[in-house]
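Chemist: Chains D and G, in that order, are what the protein sequence lines are. Per the working numbering, the first sequence starts with residue 1, numbered consecutively. Per the working numbering, the second sequence starts with residue 177, numbered consecutively.
Honestly, the hints are just simulated from the structure, not real lab data. Just so we're clear, the structure is a prediction, and the values are computed from it rather than from any experiment. C-beta atoms are modelled at their ideal positions from N, C-alpha and C, and glycine is treated no differently. Where hints are given, some of them may not hold.
For each label pair, taking beta carbons as the anchor points, the in silico distance ranges come out as [to be verified]:
#	chain 1	residue 1	chain 2	residue 2	range
1	G	Gln209	D	Ile165	33 to 41 Å
2	G	His239	D	Glu114	56 to 64 Å
3	G	Ala181	D	Lys83	24 to 32 Å
4	D	Gly122	G	Met195	46 to 54 Å
5	G	Ile203	D	Val155	49 to 57 Å
6	D	Ser140	G	Gln209	22 to 30 Å
Chain D side only, calculated, beta carbon under 10 Å to chain G, not exhaustive [said to hold, decoys possible]:
#	residue
7	Ser3
8	Leu15
9	Thr19
10	Leu22
11	Cys25
12	Phe31
13	Leu32
14	Thr40
15	Leu41
16	Ser42
17	Ser44
18	Val153
Residues per chain, in single letters:
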Amino acid sequence: MHSIFSRINNISAFLSSCTMALLACVALSSFLFTADPKGTLSISPVKVFPSKTNRYPRRIQEMGFVNFNISADLTPLFHWNTKQLFLYLEAEYQNAQGVNNTVVIWDRIVRRPEDAVINFVGKNKYAFREISSSFKKVPSSYYSLKYNVMPHVGVLTYGEAARTIEPVDFVWEEHV
Amino acid sequence: MTDFAGQKLVDDIVRIWLMATTAISFIAGFALQSLFVTFSILGLSTVALLVLVVPPWPMFNRHPVKWLPVVNASSDTKKSK
């Protein structure tokens, strides 16, 4: 502390310790916010069309088309440590082998609390296909709207905003 | 110049100031729900601390070391012989 340089060194060393403690407190403070907003999700029966596959020339694969309606107010998830939200709609079904599959068919990034009131009517953004190329042996599917809260500092947290209570049936369309 | 008492004073000021502003910035940011408030308080107070402590202000040199008077070495050695 006898010279200018040693004083700067002392301040910067202790400032880094204080900053680490502050960041740890900020990360821990996220656990005090336990908002669990719920919305509604409605799905019309999923239309299934046969289509050509990209990879194999003469193979036919079934594509599911999901029309859905989401309304949810997710503004309570925004607090001082929320950077953005990742919202995604997941299809859940059990295939013929009894394996539980989940497929993300739609997603959205919400960066501002003003955009967190979700009223969306639309169809799936990503292809909904079964690996066995057919949904014939799948009795029905369930859908859930999930979110992932991304903080500025700290751990990612996951939650579920809406879920279909009744199973949604598949409807086969033979021609387009 | 900074004397030994001034070095102790600088050390105390730095420790108390940084701990206090860290606590204040957390509480203010939490109350206003803004990380921008937290880090602007911490940053501005650190700049103020650097201005207060880094230059060798006269207040850190109020207890200069008092050396013993210079003893005339050549006359002493002649007397002892």
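Chemist: Are the hints correct? Go through all of them and say.
Modeler: Here's how the hints hold up against the structure:
| no. | hint | verdict |
| --- | --- | --- |
| 1 | G/Gln209 / D/Ile165: 33 to 41 Å | 35 Å, holds |
| 2 | G/His239 / D/Glu114: 56 to 64 Å | 59 Å, holds |
| 3 | G/Ala181 / D/Lys83: 24 to 32 Å | 47 Å, violated |
| 4 | D/Gly122 / G/Met195: 46 to 54 Å | 52 Å, holds |
| 5 | G/Ile203 / D/Val155: 49 to 57 Å | 23 Å, violated |
| 6 | D/Ser140 / G/Gln209: 22 to 30 Å | 43 Å, violated |
| 7 | Ser3 | 8 Å, holds |
| 8 | Leu15 | 6 Å, holds |
| 9 | Thr19 | 7 Å, holds |
| 10 | Leu22 | 5 Å, holds |
| 11 | Cys25 | 5 Å, holds |
| 12 | Phe31 | 13 Å, violated |
| 13 | Leu32 | 9 Å, holds |
| 14 | Thr40 | 28 Å, violated |
| 15 | Leu41 | 29 Å, violated |
| 16 | Ser42 | 33 Å, violated |
| 17 | Ser44 | 39 Å, violated |
| 18 | Val153 | 8 Å, holds |
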